[in-house]
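> Sequence:
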Amino acid sequence: IFVSDVYHKPITNSLNNLITSGEITIDHLFDVRLLIEPHIAMEAALHAKDEDIEKLEDLITDSSSHQDDPILLKRNNLKFHLLLAKASGNPVLSLLLESVIELLAKTTLDFLDLSLERHFFQVHEGIFQVIAQRKPEEAKRLIREDILDTKEKIEGFRGK
Numbered sequence: 078i079f080v081s082d083v084y085h086k087p088i089t090n091s092l093n094n095l096i097t098s099g100e101i102t103i104d105h106l107f108d109v110r111l112l113i114e115p116h117i118a119m120e121a122a123l124h125a126k127d128e129d130i131e132k133l134e135d136l137i138t139d140s141s142s143h144q145d146d147p148i149l150l151k152r153n154n155l156k157f158h159l160l161l162a163k164a165s166g167n168p169v170l171s172l173l174l175e176s177v178i179e180l181l182a183k184t185t186l187d188f189l190d191l192s193l194e195r196h197f198f199q200v201h202e203g204i205f206q207v208i209a210q211r212k213p214e215e216a217k218r219l220i221r222e223d224i225l226d227t228k229e230k231i232e233g234f235r236g237k
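With our numbering as the guide, the letters of the sequence shown map in order to residues 78 to 237.
Hints in this document: simulated from the structure, not taken from any laboratory. One should not assume that every hint holds.
As the list claims (entries may be wrong) - Think about it this way: if two alpha-carbon atoms lie no more than 30 Å apart in a straight line, the pair counts; the simulated DSSO-like pairs of lysine-lysine are:
1. 230 with 212
2. 230 with 217
3. 217 with 183
4. 228 with 217
5. 217 with 156
6. 217 with 132
7. 212 with 126
8. 132 with 183
9. 183 with 230
10. 212 with 156
11. 132 with 156
12. 217 with 126
13. 156 with 126
14. 132 with 230
15. 228 with 212
16. 230 with 156
17. 228 with 183
18. 228 with 156
Predicted model only: the values in this text are computed from it and were never measured.
Generate the whole structure from the sequences, applying the supplied hints.
Encoded structure:
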């Protein structure tokens, strides 16, 4: 049983207040991702059920069919991370990541570039393959690289 989508809202709201007050930055959110997502990817590679793999594959297929739609690609790229968290089998990690991803999405609303969204899709396609092949160490490495790459690209966009 997974935590309902509404349960992450108190965490998201609390973190959002801290972002608004300047006590939490986008760098803090990426630090959290770097701590939990490699573990999530490993666990997903080890514990994903057939239905989890199917949902990830459907998402990849949907993105593959919409390579000219940056909004859909961005939405699916974010959803990919949430599906991985659910596939890990740990509802606490899923809850935490959902809050962090939601806040990152809000703080990067104006960051939309078709070529970058296509790039992120290709990276996610590779991560999906190693998850489906049950390669936890490779999944861990690839998701870490994805997070660092995303952080670098967002910092470049924000002129940091």
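> For each hint, tell me whether it holds in the structure or not.
Now the hints, each set against the structure:
no.	hint	in the structure
1	230 with 212	27 Å, holds
2	230 with 217	20 Å, holds
3	217 with 183	26 Å, holds
4	228 with 217	17 Å, holds
5	217 with 156	18 Å, holds
6	217 with 132	20 Å, holds
7	212 with 126	14 Å, holds
8	132 with 183	24 Å, holds
9	183 with 230	16 Å, holds
10	212 with 156	21 Å, holds
11	132 with 156	10 Å, holds
12	217 with 126	18 Å, holds
13	156 with 126	17 Å, holds
14	132 with 230	27 Å, holds
15	228 with 212	24 Å, holds
16	230 with 156	19 Å, holds
17	228 with 183	15 Å, holds
18	228 with 156	17 Å, holds
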